[in-house]
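*Asks:* Chain residues, written in single-letter form:
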Amino acid sequence: MPVLELRHVTKRFGGLTAVDDVTFGVEEGELLGIAGPNGSGKSTLFNVVTGIPFGASSGEILFDGKPITRMVSHRIARLGLARTFQKDAEYPDLTAKETIALAAIYGRGLNRRAAAEAAETQLEAAGIGCARAGMLTTALSVYERKQLMIASALVMQPKVLMLDEPASGLTRPEIAALNAHLVKINKGGVTILLIEHVLSLLLSLAERLIVLNQGAVLAEGDPQEVIRDERVIEAYLGGRSA
Amino acid sequence: METLLATFVSGLVLAALYALMASGLSLIWTTIGVFNFAHGALMMVGAFVAWTVSEVGGFGLWPGLIAGVATTTVLGVIIEYLLIRPFYGQRNMVLITVMTTLAAMIILEKSAQIIWGARLKQLPRMIEGDISISGAVISAHEALIVVLAPLILIALWQFTNRTPVGRSLRAVGQNQEAAALLGINVPLTFALAFGLGAALAGLTGVLLGGIRFITPSLGSEPLIKAMIVVIFGGLGSLGATVGAALVIGMAEAFLVLTLGLYWTPFAIFLGLIAVLVLRPNGLFGRS
Amino acid sequence: MSILRIEGIGGGYGSVTVLRDITLTLETGENLGLFGPNGHGKTTLLRMTSGLMRPSSGTIQFDGRDITGASPSKIVTSGLVHTQQGNTLFGDMGVAETLEMAAFTKRARAGATARLEKVYALFPRLAERRKQKTRTLSGGERQMLSIGSALMCAPRLLVLDEPTLGLSPRLKEELTEALIEISNSVPLMVVEQDVELLLAVTDRQVLVEHGEIVREITATNTPDHAEIVAMYFGAQA
Amino acid sequence: MKRRALFGTAIAIAMVASAGLTMAEVVKIGVLAPVSGKAAADGEEMVNGSQLAVDELNAAGGVAGYSFELVVGDVGEGSADAVATAAERLLGDRDMGAIMTGYASGSNFEIEMMAEQDMVYLISANSSQTEGIISPSPDDFPTVWSLTPSYAGYNTEIVPVIEGLAEDGKLDLPNRKVAIIASDNPYSKGIADGMVESFAAAGWEVIVNDLLPFGEINDWRGFLAKVRQDPPAVLINTDYVSSNAALFVSQFNEDPTDSLVFIQYAPSVPEFLELTKEQSSGIVYNLLGGVLNTPTNPRAREVLDKYKDAYGNEPGTYGPALYEQVMIYAAALEKVGDPSDHVAIGRAIGESNTQTAMGAVQFDPDTHLAVQSNDGIPIQFYQINEGNRVLFYPPVYATGEFSEPAWMK
Amino acid sequence: MDWKLAAGLGVLLILPFFVTDSYTRHLFILAFVYAILASNWDLSLGYAGLFNFGHIAFFATGVYTAAIAAKTLGVSPMLTIPLGGATAALTALIVAAPVARLKGIYVVLVTFAFSQVLLQLILSQSHITGGAEGMVRIPALQIGDYKFIRDFKFGYYYVALGLLVLSTFYLLWLTRSPFGKSLLALRDNEEYAGARGISIMRARVLALVASAIFPGMAGSFFAIYLRVASPEVLGFGTLSLVLSMVLIGGIATITGPIFAAFAIFFATETLAGTRGMEEFRFIIVAVAMILVLRFAPGGLARILQVFQFKKNRVL
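Residue numbers (the numbering used here), protein chains in the order written: chain A, 1 to 242; chain B, 1 to 287; chain C, 1 to 237; chain D, 1 to 409; chain E, 1 to 315.
Hints listed in this document are in silico derivations from the structure and should not be mistaken for laboratory results.
Using N, Cα and C, we set each Cβ at its ideal position, and we do this for glycine too.
Heads up, a few of these hints could be off.
To be verified - Pairs of lysine-lysine residues, derived as DSS-like cross-links and limited to a Cα-Cα distance of at most 30 Å, are as follows:
1) E:K103 / A:K87
2) A:K159 / A:K66
3) D:K189 / E:K71
4) E:K103 / C:K133
5) D:K28 / D:K306
6) A:K87 / C:K172
Unchecked claim - Some chain B residues close to chain E (C-beta under 10 Å, calculated; not the full set):
7) F35
8) L82
9) A103
10) M105
11) I106
12) K110
13) Q113
14) P265
15) L270
16) L272
17) L276
The shape of chain A in the complex, shown without the other chains (with noise of 0.2 Å):
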């Protein structure tokens, strides 16, 4: 049984449909890759699923068998479904450890004392020191950033880690570095959906790779060859490249 589920998913914005009747399943434990052109609807895919902003215009999504198409956000993350947002997301009034330490405190029930171990445990994991966890966020590099938005959503112990383009902006040893740190997530017993845009890091990392394109889902299966799939260097080149 997959562990996230989404049966003719379609969410419309006025006259514009941004995803238009998606139909996908993720098994526990994969890591499946989201690929499309800019504005496909990836990220609103993720929104929809998510609770943001709350409920889809028709179809369903089911989490670990239970029905969560009209759930708001933060029970969804409850839940344990987790995601990271493609936009530099932080607090700029707090600290990187308290920023995950709430995390632990809202989105897993831990009591402060825990919350503030847990914290510390994912820093440490996440490769952000001790000095620089008791700084402000907005003081943090991009790539220490990024990790803290993925080590917020981890100390919730999620099941499914959903990551919207974690390595936008990011140098190439970074991008390395990244791509072992989500191997290890990975092993680990977490689900991953990854929308990415560098297409090396989504190839070395996915196992199945989802294709959209005009918010309808375009191809499906091994990356290798989705990738050579005519109709999506088509979406993605343009047509007479084929």
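Dock chains B, C, D and E against chain A, hints included.
*Replies:* Chains B, C, D and E in isolation, oriented as in the chain A frame:
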């Protein structure tokens, strides 16, 4: 029957006034995204300046009207330049400008108190005499407002929908960057919108000055009324604002008849909260 | 003579540097294409060119005049017209109204009627939907309206950001034809993901990566498909 | 740092306040008045009236060896904290001999603050609130006195006056019906309730008895429409806000009914005539404790003229009232001699019998209000007639005759 | 607690022994009340980012709770103070229902409309509230045999100071707790916070309720102290005065609005005592508010902070 007609006429007068009060507020909100708390105070200044020119200066009503409107227009541009412009693009701009325009309201009201004092003043009416509409009598001045209000609003509508400059106001209100990329000078448009909104406030103030008494707090009740109208209509378009003015003017007149003057304001505020909770985008707003 | 000369442009948002030292020239009669991965500074470059952002270093000259740091409306008035990426129109305005208003500058107002006819001829779909409100248009129609209103500004250089974003292949085809036709009368600078479209519409293409121009493609060294894929997705695709 | 500076200021204020431990040759007289805000016109008059008296007393060489200095406490819009703070400031001044006001809070709660510190406090308006506070234990308030008599007269006197006019043939009453509208505040509502009772007792039919929320009224047409359906012989409006009353008059005039129009208090405000012009001709109002400007009370003209000479405009009620309050205090100080003996001065005021611009002032020991009578402070009925205020009742003071309003003929 | 707050508290504690005149003590008492209002407003405005324009309504609820309970129902005045906190919290719960779902300008409008409805209610239910004239002769405070009336405000001073100290401790504790941090998180990045398990609705409702308790108690104290309840508390005047204290003091600082309340209150009071300055003082405060928004958006507290090192905070 006669009572109903009288109530209807009285509702019409209220609706016309409310539409005038709210149009400037609505224009500034839709163009700049600023909720101008100084709107009522600008009405008051318009009335006082008109009074000073026409009564103290002895120049007559029309020069007074022109002076009142001109003064509020200039004040509007100044408020935009000093209290709104520095905050464009800030994350909490809507809320910061609520506070700065609130400060402007205090400054204008207190200055008026210092300049003109607290004694009641009144402008002469534009036209003297009463008009009887099959039994319902209103003053000719109010009849003039009932006629004038739609004309002003139609002119405003024509301006914003038919002229390039007017259209640019709407364009800036809907998408500032895209407007800038068509060659529209956005800061200038903001100043224009604020000046125009303030001019409408000034004009409303001068008209009010003929039926109410001019005091430094002349604008506080119209401000709240204008706010209710704009919220009721939905913070969107001029049409919605006018529609809401009609609904509220009529509702008020008929509520006074049935519920009495006593409970009417309470009922209207309760209706307002209900609208805000059930339809945050207003009665005629898009959801 | 060059119509656009960008020299040593750098800058970004706050402390984040997006562009580092970009130098580009667009000769008269030439169409230029830019491509490259997302988030590497193409859009920022266009925004600086049209005055929406101020570069922290470098200069931009349009038609021999320095326009660095000038206001967008000044730049439009001088004839450099920028069409933004995505859905950036006036939702509550009608199609005809938007086009009429788009001829806002004095220079654009002269001959607006003739240009309107041209736009309708170029995009017959817009002519069919004259009265319709923008928010009810489809993605492709909105894109046409964006380009149409840019044409109404009487451009002497048209800068387009991802004109085919989110369009179906059929619409892409239509749009490409229209762009080729436009490029006959107005020089273009186009940012586009679809490299094939760039190759069809523009004479010269540059690859922008990490805020820098890393490669230039001209008629003499047209890359094959595999090369494009490699440039686009990184080495090991 | 900031905090320390603040304390510095606070302590400085305290030291200044307590500087004069021995009574100086100057006695301070406080005025609690709405100098800023909506009622600033009244406040200005209060300050002017008392300043006029202080200047006059000082020019005459002072009283009992003391000269006077005026200190103003601004109560703004009359909010409790503003009134309390202004009162505290005046009370905290050890040279303060007495505090005067027309009205400060509307509820007169500050009376208790004054009594707690035995401060001489003379007040003009809101006598029913004053009565409510003082009459349960008048001995606790030896220093507080009100120049306005009990408002009971407002409730009762109107019926005999109107019936008297009808009997004398000066007024033709088409029926014995009355319509009354009041604003929701103790003054207006209390008077309306009293009138309803008096009219009913005299066998009148009260056909409309409405209540309005207190505040600005923009439209009376709804109420007037109701009145026009069944026109009463007497139409009474007890909303005392003058702008509301002026609007009432102009909207009544749009389609007048065959009714005598009576408006409480508002027509006595100076600008009411200016605002309503000829439209108010025929309107009737009455006053308790207002200026009794009639040949048999020359003092009124004298005070009015002085005020006009000093400030250039004719005052309403509060200018002359505050002038007289200071004078009454000065007379009591003359008698007692020691400005620091507030209780003795208070008693002296309570025993005084003075001819003032409002009539002869004598105080009722049970309520500490001035006594209403034709020999003391009379109730005055006025009719506005072509821009003039005609005092037509009581006959002893009358300056003219009542004439039937034009719309009733 | 840092040493400056302790020193300030120490000075305030011994002050009444040196300042014996009741006027100065009265000023301090009112300054304490304003400080409570401003700092609690800062909790919902600064921390929760809720632009609540009806905060004065909580204060007014406390005022009328005390007036009605003590005068009409005969409840002991001392008890009305916690009672006011409770009714204000209840009021906040009612306002929170719509506010929790709204954003931006709509929050301003709903809360403002709410305070207007409350005003209309007070005006219209005059048989209970005294209507426009308010209620007077509310029983004074008395603890055992100690009467607060004739001690030159010595007792009232300490009651007010006690309330302010309690309120400040409460606010500092709350804003440094995970709940306080979750408010900051929501304010700055609602989607991110929601995706980390923080309930937006719950946090907003709690923030409003938490910010209403002490203003309610301060309102009750205010009514008992002045022995009067009148609807002017709901006017634009009080609203803009307290708002200026929050903004000038610096939002999301708690102590900033407290200092600003002292500074502004004493400054306006000094001006009020100067003849001819009665109207000017409001203009000065308004101008100061604009200048702070324009040139020092963090308020006075942030200006002072620039000169000291930011301490590491641990959750």
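*Asks:* Each of the hints needs a verdict: does it hold here or not?
*Replies:* Status of each hint after checking the structure:
no.	hint	result
1	E:K103 / A:K87	holds, 21 Å
2	A:K159 / A:K66	holds, 14 Å
3	D:K189 / E:K71	holds, 22 Å
4	E:K103 / C:K133	holds, 27 Å
5	D:K28 / D:K306	holds, 22 Å
6	A:K87 / C:K172	holds, 29 Å
7	F35	holds, 6 Å
8	L82	holds, 8 Å
9	A103	holds, 4 Å
10	M105	holds, 8 Å
11	I106	holds, 4 Å
12	K110	holds, 5 Å
13	Q113	holds, 5 Å
14	P265	holds, 6 Å
15	L270	holds, 6 Å
16	L272	holds, 5 Å
17	L276	holds, 5 Å
Hint check: no violations occur; every hint is consistent with the structure.
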